[in-house]
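Colleague: Produce the entire structure from the sequences given, and follow the hints as far as they go.
First to last, the protein sequences are chains C and E.
Under this note's numbering, the first residue of the first sequence is numbered 1, with each subsequent residue one higher.
Under this note's numbering, the first residue of the second sequence is numbered 298, with each subsequent residue one higher.
In short, the hints are calculated from the structure, not lab data.
Note that the structure is predicted; figures quoted are calculated from it, not measured.
From the three backbone atoms N, C-alpha and C, an ideal C-beta is built for every residue, glycine too.
Among the clues, some could well be false.
Unchecked claim - Far from chain E, some chain C residues (derived; all Cβ distances over 10 Å): (1) K72; (2) S75; (3) Q151; (4) L207.
Stated by the list, open to error - List time: in silico SDA-like cross-link candidates among lysine to any residue, alpha-carbon distance up to 20 Å: (5) C:K101 - E:R580; (6) C:K12 - E:E483; (7) C:K10 - E:F413; (8) C:K53 - E:I442; (9) C:K101 - E:L331; (10) C:K10 - E:R486; (11) E:K325 - C:Y193; (12) C:K10 - E:D480; (13) E:K412 - E:A500; (14) C:K10 - C:F20; (15) C:K53 - E:M443; (16) E:K325 - C:W204; (17) C:K216 - C:Y193; (18) C:K101 - E:I321; (19) C:K101 - E:P506; (20) E:K325 - C:L207; (21) C:K12 - E:V421; (22) E:K412 - C:V15; (23) C:K216 - E:L587; (24) C:K12 - E:L490; (25) C:K101 - C:I188; (26) C:K101 - E:N322; (27) C:K10 - E:L482; (28) C:K10 - E:S414; (29) E:K325 - C:Y97; (30) C:K12 - E:I487; (31) C:K216 - C:I293; (32) E:K412 - E:P506; (33) E:K412 - C:L185; (34) C:K101 - C:L185; (35) E:K325 - C:N98; (36) C:K12 - E:D480; (37) C:K12 - E:D479; (38) C:K10 - E:D488; (39) E:K412 - E:E475; (40) C:K101 - C:L89.
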Amino acid sequence: MLGYRALSIKQKQVVWAWGFLALPVLFYSIIRFYPTFGAIVLSFQDWNLLGDKTWNGIENYQKLFADPVFWKVFSNTFLYLIIGTPLSLVFSFIVAYNLDKVRFMHGTIRALYFLPFMTSTVAMAWLWRWFYQPVPIGLFNNMLATMAIPQFPFLRSTFWALPSILAPALWAGLGFQIIIFMAGLRAIPNTYYEAARIDGVGPWTILWEITLPLLKPTIVFLVVFSSIGFLRIFDQVFNMTTNDPGGPLNSTKPLVLMIYDTAFNAFDMGYAAAQTVVLFTILLVVSLVQLRIMRSR
Amino acid sequence: MSMTEIKPSSATLEKQRSASYSNINPGKIIRWTLLFMGGVVMVMPIVYMLSTSLKWPHEIYNLSIIPDEPTLENYIFVLEDGRFYKWFVNSLIIATATTVSAVLFDSMVGYTLCKFSFRGRMFVFIAILSTLMIPTEMLVIPWYIMARDFGWLNSYWGIMFPGMMTAFGTFLMKQFFESVPDDFLEAARIDGLNEFQIWWSVAMPLVTPALSALAIFVFLGNWTAFIWPLIVTNSPDLYTLPVGLTTFSVEQSVQWELIMTGAALATIPTLIVFLVFQRYIIRGVVMAGLKG
Numbered sequence: 001m002l003g004y005r006a007l008s009i010k011q012k013q014v015v016w017a018w019g020f021l022a023l024p025v026l027f028y029s030i031i032r033f034y035p036t037f038g039a040i041v042l043s044f045q046d047w048n049l050l051g052d053k054t055w056n057g058i059e060n061y062q063k064l065f066a067d068p069v070f071w072k073v074f075s076n077t078f079l080y081l082i083i084g085t086p087l088s089l090v091f092s093f094i095v096a097y098n099l100d101k102v103r104f105m106h107g108t109i110r111a112l113y114f115l116p117f118m119t120s121t122v123a124m125a126w127l128w129r130w131f132y133q134p135v136p137i138g139l140f141n142n143m144l145a146t147m148a149i150p151q152f153p154f155l156r157s158t159f160w161a162l163p164s165i166l167a168p169a170l171w172a173g174l175g176f177q178i179i180i181f182m183a184g185l186r187a188i189p190n191t192y193y194e195a196a197r198i199d200g201v202g203p204w205t206i207l208w209e210i211t212l213p214l215l216k217p218t219i220v221f222l223v224v225f226s227s228i229g230f231l232r233i234f235d236q237v238f239n240m241t242t243n244d245p246g247g248p249l250n251s252t253k254p255l256v257l258m259i260y261d262t263a264f265n266a267f268d269m270g271y272a273a274a275q276t277v278v279l280f281t282i283l284l285v286v287s288l289v290q291l292r293i294m295r296s297r
Numbered sequence: 298m299s300m301t302e303i304k305p306s307s308a309t310l311e312k313q314r315s316a317s318y319s320n321i322n323p324g325k326i327i328r329w330t331l332l333f334m335g336g337v338v339m340v341m342p343i344v345y346m347l348s349t350s351l352k353w354p355h356e357i358y359n360l361s362i363i364p365d366e367p368t369l370e371n372y373i374f375v376l377e378d379g380r381f382y383k384w385f386v387n388s389l390i391i392a393t394a395t396t397v398s399a400v401l402f403d404s405m406v407g408y409t410l411c412k413f414s415f416r417g418r419m420f421v422f423i424a425i426l427s428t429l430m431i432p433t434e435m436l437v438i439p440w441y442i443m444a445r446d447f448g449w450l451n452s453y454w455g456i457m458f459p460g461m462m463t464a465f466g467t468f469l470m471k472q473f474f475e476s477v478p479d480d481f482l483e484a485a486r487i488d489g490l491n492e493f494q495i496w497w498s499v500a501m502p503l504v505t506p507a508l509s510a511l512a513i514f515v516f517l518g519n520w521t522a523f524i525w526p527l528i529v530t531n532s533p534d535l536y537t538l539p540v541g542l543t544t545f546s547v548e549q550s551v552q553w554e555l556i557m558t559g560a561a562l563a564t565i566p567t568l569i570v571f572l573v574f575q576r577y578i579i580r581g582v583v584m585a586g587l588k589g
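Modeller: Next comes the structure, spelled out in structure tokens:
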């Protein structure tokens, strides 16, 4: 301890700082950085988890890009994003914008919209799966039947299965986005609105010229955040299609489900690792492109 | 200042007056009604889940929300099975332990990166922040191999280890420690407290709202986590609630009232927590969302 006492206050602080950081630095190195490089290295190897690893260069990637299933999965993954992000943002903005102006039972209404966010994804996937069943079981088709509307195929149609799986994801995420939008709306100084009102500007112009431009940081955050969420969709798809994962005919399979199948059902670890590297690249590129576009505007 | 010099025209005065006098107008009533109806639609799926869990099998085709003959039979069946109880305890232990660890370490690292000056501080900060860009799905394969080699498969530690610290929480806490004045820490230093005591008993109490916000996020994230627990466990005794629910539902296949009961059991705890701590949770979400 004598050595420590001889140190100056500044030097003592450095000792403490690294003392505090010792375990975390170890954690991030072993649990985050090492596995990241591990995955990249593995993507250039062939390994079935039991035998020896063998180098195979870019074969995994060549195989992946030549696989028609991958391109189907690739377009599915982007479909989740392209449908999910704009819809959830528009819905949540409309609710937040109006809820912000409502005082009567404000807290209760907010809670109603937020409640689905607090649920377990897996539980909700099974709940919606029940909704989508054909008559006489599923709730939605039973409702249609009472109104004498023909059955809707939902999860059985290669076209409608993907939006059907997306719906609960969108529904459960709405509450979070509404809360964030409302916080963003509150942060806009009232003086802007007062000035606009004095100038006799109409509510639509206020919305387009003041509210939305000033909300830009909030919108950028939500676009990036929800895009990443939709690109990584897995829980809902896995649970709603357990009898035929990613089906019918791979029409709902997202990249993460393909990774899971390749790694933990086919035990083709190198090939799965290559898919994770592709996922990482997609996430990186999408976030950077979005940030670039939104910042410049 | 210049506002007072503006003389509003009589038309705008009229407008302001009518705006403040008529607090209730048809537009507002329509807005409120639509919002309220939308909110009811939002919770309808949850209501149907709860209602179906209280119905007899022959009644689930019935669209009415209130069961004709409500029964707890489904709950008795599911709970007598015994596995749900185990999964619930597993989830609770895992989510609590990870939350405690992440809140402690994230705030410690956030504090260090915010309040200490030393060589390499920026490097450590950027390194930790950069891990935010790495998706979990990229790490699960190496984690699985690591867990297998160390014998962590099918253990609490195996499920928990990837989440013991979070880059998001570190960043969040660093932001919040910025608002703690350095003078406070300096005063404590002069009083002879060591750096650990200063962090724990001076700085930490000043950021409790942020700590609870982080705790809510980490807990909820671990409570509903699916892909990693699914990969790292294959013994039903160690399943977490979401993984257990998947297995259970696949087993029941067409007995939707039982599946809905399982789903309700997985959902009710967080719903109760939300209804009790609503104010804090929403504030926490805003804080985490805006600063994070």
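Colleague: Each hint needs a verdict: does it hold in this structure or not?
Modeller: Tested hints:
Remark: the non-interface label on K72 of chain C is consistent with the geometry, its nearest Cβ contact in chain E lying 18 Å away (cut-off 10 Å). Separation of S75 of chain C from chain E is adequate, the least Cβ-Cβ distance of about 18 Å exceeding the 10 Å criterion. For Q151 of chain C, the requirement that its beta carbon stay farther than 10 Å from each beta carbon of chain E is met, with the minimum near 14 Å. At the 10 Å boundary, the C-beta of L207 of chain C stays outside the reach of chain E, the nearest C-beta of that chain being 14 Å off.
Of the pairs offered as hints, the one joining K101 of chain C and R580 of chain E holds, with about 19 Å between alpha carbons and a cut-off of 20 Å not exceeded. Of the pairs offered as hints, the one joining K12 of chain C and E483 of chain E holds, with about 14 Å between alpha carbons and a cut-off of 20 Å not exceeded. Note on K10 of chain C and F413 of chain E: the hinted pairing holds, with a Cα-Cα distance of about 9 Å set against a maximum of 20 Å. Of the pairs offered as hints, the one joining K53 of chain C and I442 of chain E holds, with about 13 Å between alpha carbons and a cut-off of 20 Å not exceeded.
This hinted pair checks out: K101 of chain C and L331 of chain E have alpha carbons roughly 13 Å apart, not beyond 20 Å. Between K10 of chain C and R486 of chain E the alpha-carbon distance is near 12 Å, which keeps this suggested pair within the 20 Å criterion. A C-alpha spacing of about 19 Å is found between K325 of chain E and Y193 of chain C, which places the hinted pair at or below 20 Å, so the restraint holds. Proposed proximity of K10 of chain C and D480 of chain E is supported: the alpha carbons are some 16 Å apart, at most 20 Å.
The hinted pair formed by K412 of chain E and A500 of chain E meets the criterion: a straight-line CA distance of about 10 Å does not exceed 20 Å. At most 20 Å may separate the alpha-carbon atoms for a hinted pair to count; K10 of chain C and F20 of chain C meet this at roughly 15 Å. Pair hint K53 of chain C plus M443 of chain E holds up; C-alpha atoms about 15 Å apart against a cutoff of 20 Å. Restraint check for K325 of chain E and W204 of chain C: the C-alpha separation of about 16 Å stays at or below 20 Å, so the hint holds.
Restraint check: the Cα-Cα separation between K216 of chain C and Y193 of chain C comes to about 17 Å, which is no more than 20 Å; the hinted pair holds. With a CA separation close to 12 Å, the supplied pair K101 of chain C and I321 of chain E stays within the 20 Å bound. Pair hint K101 of chain C plus P506 of chain E does not hold up; C-alpha atoms about 27 Å apart against a cutoff of 20 Å. A hinted pair counts as satisfied when its Cα atoms are at most 20 Å apart, and K325 of chain E with L207 of chain C qualifies at roughly 17 Å.
The suggested pairing of K12 of chain C with V421 of chain E holds, with an alpha-carbon distance near 19 Å, which does not exceed 20 Å. For a cut-off of 20 Å, the pair hint linking K412 of chain E to V15 of chain C stands: about 14 Å separates their Cα positions. Annotation: proposed proximity of K216 of chain C to L587 of chain E holds, straight-line Cα distance about 13 Å (limit 20 Å). Distance restraint check for K12 of chain C and L490 of chain E: the Cα-Cα separation of roughly 13 Å lies within the 20 Å cut-off, and the hinted pair is therefore satisfied.
As the CA atoms of K101 of chain C and I188 of chain C are separated by approximately 14 Å, the hinted pair is consistent with the 20 Å bound. For a cut-off of 20 Å, the pair hint linking K101 of chain C to N322 of chain E stands: about 13 Å separates their Cα positions. For the hint pairing K10 of chain C with L482 of chain E, the CA-to-CA distance comes to about 14 Å; that is within 20 Å, so the pair holds. Taking the CA atoms of K10 of chain C and S414 of chain E, the gap is about 8 Å. The hint holds against a cut of 20 Å.
A threshold of 20 Å between alpha carbons decides the hint, and for K325 of chain E with Y97 of chain C the separation of about 13 Å falls inside it, so the pair holds. At roughly 14 Å between alpha-carbon atoms, K12 of chain C and I487 of chain E fall within 20 Å of each other, so this suggested pair holds. Straight-line distance between C-alpha atoms of K216 of chain C and I293 of chain C comes to about 12 Å, which keeps the hinted pair within the 20 Å bound. For the proposed pair K412 of chain E and P506 of chain E, the alpha carbon gap of about 19 Å is at most 20 Å, so the pair holds.
This hinted pair does not check out: K412 of chain E and L185 of chain C have alpha carbons roughly 32 Å apart, beyond 20 Å. Pair hint K101 of chain C plus L185 of chain C holds up; C-alpha atoms about 10 Å apart against a cutoff of 20 Å. Using a Cα cut-off of 20 Å, the hinted pair K325 of chain E and N98 of chain C holds, with the two alpha carbons roughly 10 Å apart. With a C-alpha separation of about 18 Å, the suggested pair K12 of chain C and D480 of chain E falls inside the 20 Å cut-off, and the hint holds.
About 17 Å separates the Cα atoms of K12 of chain C and D479 of chain E, which keeps this hinted pair within 20 Å; it holds. For the hint pairing K10 of chain C with D488 of chain E, the CA-to-CA distance comes to about 17 Å; that is within 20 Å, so the pair holds. Between the alpha carbons of K412 of chain E and E475 of chain E the distance comes to roughly 8 Å, so the proposed pair stays at or under 20 Å and holds. The suggested pairing of K101 of chain C with L89 of chain C holds, with an alpha-carbon distance near 19 Å, which does not exceed 20 Å.
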